[in-house]
Amino acid sequence: MPFIRNAWYVAGWSRDFGDDLVALTITGQTLVMYRTSTGEVVALEDRCPHRQLPLSKGKRIGDTIQCGYHGMTFNGQGKCTRVPGQDNLPASAYVDAYAVHERHGIVWIWMGDPTLADTDTVFDLPEFSDPAWHAHQGEGLHIEANYLNVAENLVDPAHVSFVHPTTLGNASSENVPVHVSTQGKAIVAWRWIRDAPPIGFFQKFGGFSGNVDRWHYYYLHLPSTAVIDFGSADAALNLPEDDRNKGVRIFALHFVTPVTEDYTIDHWMHLRNTAVGDEAASGQMDAMFKIAFAEDKEILEACHAEEKRPQKRKPIRIAIDKGPNVYRKRIRDLVEAETTEDLGEPVAPTFIQHE
Amino acid sequence: MPFIRNAWYVAGWSRDFGDDLVALTITGQTLVMYRTSTGEVVALEDRCPHRQLPLSKGKRIGDTIQCGYHGMTFNGQGKCTRVPGQDNLPASAYVDAYAVHERHGIVWIWMGDPTLADTDTVFDLPEFSDPAWHAHQGEGLHIEANYLNVAENLVDPAHVSFVHPTTLGNASSENVPVHVSTQGKAIVAWRWIRDAPPIGFFQKFGGFSGNVDRWHYYYLHLPSTAVIDFGSADAALNLPEDDRNKGVRIFALHFVTPVTEDYTIDHWMHLRNTAVGDEAASGQMDAMFKIAFAEDKEILEACHAEEKRPQKRKPIRIAIDKGPNVYRKRIRDLVEAETTEDLGEPVAPTFIQHE
Amino acid sequence: MPFIRNAWYVAGWSRDFGDDLVALTITGQTLVMYRTSTGEVVALEDRCPHRQLPLSKGKRIGDTIQCGYHGMTFNGQGKCTRVPGQDNLPASAYVDAYAVHERHGIVWIWMGDPTLADTDTVFDLPEFSDPAWHAHQGEGLHIEANYLNVAENLVDPAHVSFVHPTTLGNASSENVPVHVSTQGKAIVAWRWIRDAPPIGFFQKFGGFSGNVDRWHYYYLHLPSTAVIDFGSADAALNLPEDDRNKGVRIFALHFVTPVTEDYTIDHWMHLRNTAVGDEAASGQMDAMFKIAFAEDKEILEACHAEEKRPQKRKPIRIAIDKGPNVYRKRIRDLVEAETTEDLGEPVAPTFIQHE
Numbered sequence: 333m334p335f336i337r338n339a340w341y342v343a344g345w346s347r348d349f350g351d352d353l354v355a356l357t358i359t360g361q362t363l364v365m366y367r368t369s370t371g372e373v374v375a376l377e378d379r380c381p382h383r384q385l386p387l388s389k390g391k392r393i394g395d396t397i398q399c400g401y402h403g404m405t406f407n408g409q410g411k412c413t414r415v416p417g418q419d420n421l422p423a424s425a426y427v428d429a430y431a432v433h434e435r436h437g438i439v440w441i442w443m444g445d446p447t448l449a450d451t452d453t454v455f456d457l458p459e460f461s462d463p464a465w466h467a468h469q470g471e472g473l474h475i476e477a478n479y480l481n482v483a484e485n486l487v488d489p490a491h492v493s494f495v496h497p498t499t500l501g502n503a504s505s506e507n508v509p510v511h512v513s514t515q516g517k518a519i520v521a522w523r524w525i526r527d528a529p530p531i532g533f534f535q536k537f538g539g540f541s542g543n544v545d546r547w548h549y550y551y552l553h554l555p556s557t558a559v560i561d562f563g564s565a566d567a568a569l570n571l572p573e574d575d576r577n578k579g580v581r582i583f584a585l586h587f588v589t590p591v592t593e594d595y596t597i598d599h600w601m602h603l604r605n606t607a608v609g610d611e612a613a614s615g616q617m618d619a620m621f622k623i624a625f626a627e628d629k630e631i632l633e634a635c636h637a638e639e640k641r642p643q644k645r646k647p648i649r650i651a652i653d654k655g656p657n658v659y660r661k662r663i664r665d666l667v668e669a670e671t672t673e674d675l676g677e678p679v680a681p682t683f684i685q686h687e
Numbered sequence: 333m334p335f336i337r338n339a340w341y342v343a344g345w346s347r348d349f350g351d352d353l354v355a356l357t358i359t360g361q362t363l364v365m366y367r368t369s370t371g372e373v374v375a376l377e378d379r380c381p382h383r384q385l386p387l388s389k390g391k392r393i394g395d396t397i398q399c400g401y402h403g404m405t406f407n408g409q410g411k412c413t414r415v416p417g418q419d420n421l422p423a424s425a426y427v428d429a430y431a432v433h434e435r436h437g438i439v440w441i442w443m444g445d446p447t448l449a450d451t452d453t454v455f456d457l458p459e460f461s462d463p464a465w466h467a468h469q470g471e472g473l474h475i476e477a478n479y480l481n482v483a484e485n486l487v488d489p490a491h492v493s494f495v496h497p498t499t500l501g502n503a504s505s506e507n508v509p510v511h512v513s514t515q516g517k518a519i520v521a522w523r524w525i526r527d528a529p530p531i532g533f534f535q536k537f538g539g540f541s542g543n544v545d546r547w548h549y550y551y552l553h554l555p556s557t558a559v560i561d562f563g564s565a566d567a568a569l570n571l572p573e574d575d576r577n578k579g580v581r582i583f584a585l586h587f588v589t590p591v592t593e594d595y596t597i598d599h600w601m602h603l604r605n606t607a608v609g610d611e612a613a614s615g616q617m618d619a620m621f622k623i624a625f626a627e628d629k630e631i632l633e634a635c636h637a638e639e640k641r642p643q644k645r646k647p648i649r650i651a652i653d654k655g656p657n658v659y660r661k662r663i664r665d666l667v668e669a670e671t672t673e674d675l676g677e678p679v680a681p682t683f684i685q686h687e
Numbered sequence: 333m334p335f336i337r338n339a340w341y342v343a344g345w346s347r348d349f350g351d352d353l354v355a356l357t358i359t360g361q362t363l364v365m366y367r368t369s370t371g372e373v374v375a376l377e378d379r380c381p382h383r384q385l386p387l388s389k390g391k392r393i394g395d396t397i398q399c400g401y402h403g404m405t406f407n408g409q410g411k412c413t414r415v416p417g418q419d420n421l422p423a424s425a426y427v428d429a430y431a432v433h434e435r436h437g438i439v440w441i442w443m444g445d446p447t448l449a450d451t452d453t454v455f456d457l458p459e460f461s462d463p464a465w466h467a468h469q470g471e472g473l474h475i476e477a478n479y480l481n482v483a484e485n486l487v488d489p490a491h492v493s494f495v496h497p498t499t500l501g502n503a504s505s506e507n508v509p510v511h512v513s514t515q516g517k518a519i520v521a522w523r524w525i526r527d528a529p530p531i532g533f534f535q536k537f538g539g540f541s542g543n544v545d546r547w548h549y550y551y552l553h554l555p556s557t558a559v560i561d562f563g564s565a566d567a568a569l570n571l572p573e574d575d576r577n578k579g580v581r582i583f584a585l586h587f588v589t590p591v592t593e594d595y596t597i598d599h600w601m602h603l604r605n606t607a608v609g610d611e612a613a614s615g616q617m618d619a620m621f622k623i624a625f626a627e628d629k630e631i632l633e634a635c636h637a638e639e640k641r642p643q644k645r646k647p648i649r650i651a652i653d654k655g656p657n658v659y660r661k662r663i664r665d666l667v668e669a670e671t672t673e674d675l676g677e678p679v680a681p682t683f684i685q686h687e
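Protein chains in written order, with this note's numbering: chain A, 333 to 687; chain B, 333 to 687; chain C, 333 to 687.
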């Protein structure tokens, strides 16, 4: 399936971009990115239009890039500023430039038409700037799988009991039904597991020993940003669904970036209403997340490899697939809209009148 | 060429299968195999019908397998016994199950229609249960080559002089003609090298110092089980062909299992009428076999790689190819029979009468 | 693009060929080469016509090769001399033999029709046998790139300033225009950089400290042999172009051999009019050449990888591309001539007269 181009994807954390040229690939497009002397991150097509050497093999001259083969030079807007050996700069001497937006330490890139890139639509949450919440960036998890399978996994609470039995799930949730609805452009899948033993994560970070009420809310924003709102509270409180802030609450964020059809990077981080300012706790949580995400990676890569093999039968769908099914449907609609929107006005048929 | 499916292939030795889930591939089909609590070995299609995760990535729950992604569970007959999150079990929730038969410490699998799997047709020899003979299992030799080339090599005595000059052959046999005939469903290629120095193998295990009569009988049973009856006797005895049991006699068995078009496993073992009960001798023979089989592997992999390259001319056939030629012909006939047998009754043409 | 077959390519240095069988690939054709007892180097198709084992996996029996599978034997002309197990030698039992010519320690092979192989057309220079000049063989640089890109780089002086800033070029030449002309079958690109600081190479080997006049003449002989005549002289001499022998002058030779579409070996060596007989200087020069050629290799492999990726736009051509453009045009003409020359006489159309 084609990628959705007119969308913001995460290229990396702010800390990933500085003076050096960084080569990366998003939606199959190779990019060279760097931070200019004014602090702005720029992203260019990573291929010199002359002999096609990746510009990331060249070097920075001020805020421009000089190609490493014959010295052709481009500025941060992709415009050629020098062709050694000649005075004129041909109109065809340019590289594509991409819209970039940086916020909360996250660098977003718009892979489609830059004139459509509206920074108001970049994903945001009020908790990023709420002093009662702590934000902590993790890493980028590299997965040899299609991004749709990675994103689908993030609107699928049912896998947690089986894939993460020691960290994020346990047997108590195996048969608890999943609710699915949509909230504007987001898909939400959730369930509460009431009055059950705490999972490993909250034994460690909630200090719970007795039974808890536990919730998982999976919000998936098209095309591929997920917020997993999960937490626990003492079962004695019988916490109402809307009072989750009274429990220990964590937002695990996943920015799922398609690299190629077969490769995805999941930049993960979290926001939490506990242990604010405690970086030791951040490190311990990261360690636990890494165990869980390595479990996802193994499953997702094995499924991806199987999808590449011949199939005797069409895969079946079951009750817990409601979230993934809605997600796939919306992605197909978005792809269809993008691939047809440039066709222009419908052509009126011409009738030829026969005598 | 398609694989022959309605046939018994060796999946492994009995010792290879226990409580753990074993993933393997035969005739291009991925399988998960394990031994149930009643001691029976079962073989299932290694792909969950839901999200296609290999079931071998899951875990055993009693005699069933629970998928590692969403917990869908299958018994040893491939029938789904649980779908977490719902009560009904859809009819499409199953995996294929394969017929398995275990005998003499060897596990056989029938890759085709299980209703055609007749255990009376599993390869056998009376010497397996003859106390005057000693059976010793070797290993599984992995070869990056098509199984037909591996099997063809086992009805081709002529290669021994050139590929195994220090172990199983020597120069005395280079020009001795090969006889080929068929015995029912088996192809037999053989030759006697009379009154010649013993080969390395029988210098060591026969205790021969003077000249010997040496024989090689290659029996190839379709699709790919080989018995190489070879041995030596003092040349002074002038041994008749049917008195081979009076010499030192070994049956080298090769169970050639197609994994993919480009990968084959040769499970090898031997039966012998000498050194019965002497496991030190078994180890010494295995060491010598391993030298010889590594020589075959090198040749077969190099030929396979060449077959993948473009060819300017069709390969030529020479006199010593009679055994391989008969084998290829019979394989083609079997494949043709399998691929056409499901076409049903010929359809009678319909004539439309015009006025 | 198809390879040019009716041409001499360098298979290796004389020191590379002896008694042992050497397997190599040129223009996509696998070859086995060895030196016979009379000192002649022979080259045969590296594939037995019987079961396709590479003959290089066999062994020499005198001046013949015995196949490692069934002992079929071929002489240095590719003629079969033995088929074990039969007396007659079938006419189809042969391998192709290629014309080989050895001169100045270099082994050339003609990949096309041997009857067209004219040793008078093997590349030569009078300086190979001039006692005032010193010849020194380097190595074979393996490059994962198409040979046309490698050869094009050798008629492109403009890349030197950017790819080799510390060894063979420096910033003084960045904007000096390149002249291009043709001399018979060779393409020549050259420029003089007058009254400028010496490059690293001539600081070391010319003993220059003040400004020099520096020249680069790139001669590219079809299909892929390059002579780079480069040197320096004290700027005070204001050296005329034809008096280059009065300066420190080096001919860097590159014999570019296509292995496959994606792999090339560049056998490089040099001739020099300085430090004659001084092998320590040879070693020091090689060390500097290796730095520069590793820089070329990195660029060429990155360009080749990019050429394999989908292209949104056609690459652009700029002023400095004149040499490469002429080269590409001549190669296309040669390929077209080779691929059409065997079509024979045009077939006269047949007219059928209707009543």
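Hints should not be assumed to be uniformly reliable.
Heads up, the list lumps identical chains together, so a pair's fine if it works in one copy or across two of them.
[Unchecked claim] As a list, the in silico BS3-like pairs of lysine-lysine whose alpha-carbon atoms are at most 27 Å apart:
{"hint": "1", "residue 1": "K578", "residue 2": "K661"}
{"hint": "2", "residue 1": "K646", "residue 2": "K622"}
{"hint": "3", "residue 1": "K622", "residue 2": "K644"}
{"hint": "4", "residue 1": "K391", "residue 2": "K640"}
{"hint": "5", "residue 1": "K578", "residue 2": "K654"}
{"hint": "6", "residue 1": "K646", "residue 2": "K391"}
{"hint": "7", "residue 1": "K411", "residue 2": "K389"}
{"hint": "8", "residue 1": "K629", "residue 2": "K389"}
{"hint": "9", "residue 1": "K391", "residue 2": "K622"}
{"hint": "10", "residue 1": "K536", "residue 2": "K661"}
{"hint": "11", "residue 1": "K644", "residue 2": "K536"}
{"hint": "12", "residue 1": "K389", "residue 2": "K578"}
{"hint": "13", "residue 1": "K622", "residue 2": "K661"}
{"hint": "14", "residue 1": "K654", "residue 2": "K536"}
{"hint": "15", "residue 1": "K640", "residue 2": "K411"}
{"hint": "16", "residue 1": "K391", "residue 2": "K644"}
If you're looking for bench data, these hints aren't it; they were derived computationally from the structure. Here the structure is a predicted model, which means the values were calculated and not measured.
Hints, one by one, checked against the model:
no. : hint        : verdict
1   : K578 x K661 : neither (35 Å within a copy, 76 Å between copies)
2   : K646 x K622 : neither (33 Å within a copy, 44 Å between copies)
3   : K622 x K644 : neither (35 Å within a copy, 38 Å between copies)
4   : K391 x K640 : between (39 Å within a copy, 23 Å between copies)
5   : K578 x K654 : neither (29 Å within a copy, 73 Å between copies)
6   : K646 x K391 : between (50 Å within a copy, 24 Å between copies)
7   : K411 x K389 : within (18 Å within a copy, 51 Å between copies)
8   : K629 x K389 : between (31 Å within a copy, 13 Å between copies)
9   : K391 x K622 : between (35 Å within a copy, 22 Å between copies)
10  : K536 x K661 : neither (38 Å within a copy, 68 Å between copies)
11  : K644 x K536 : neither (45 Å within a copy, 52 Å between copies)
12  : K389 x K578 : neither (52 Å within a copy, 39 Å between copies)
13  : K622 x K661 : neither (30 Å within a copy, 56 Å between copies)
14  : K654 x K536 : neither (32 Å within a copy, 69 Å between copies)
15  : K640 x K411 : between (40 Å within a copy, 25 Å between copies)
16  : K391 x K644 : between (51 Å within a copy, 24 Å between copies)
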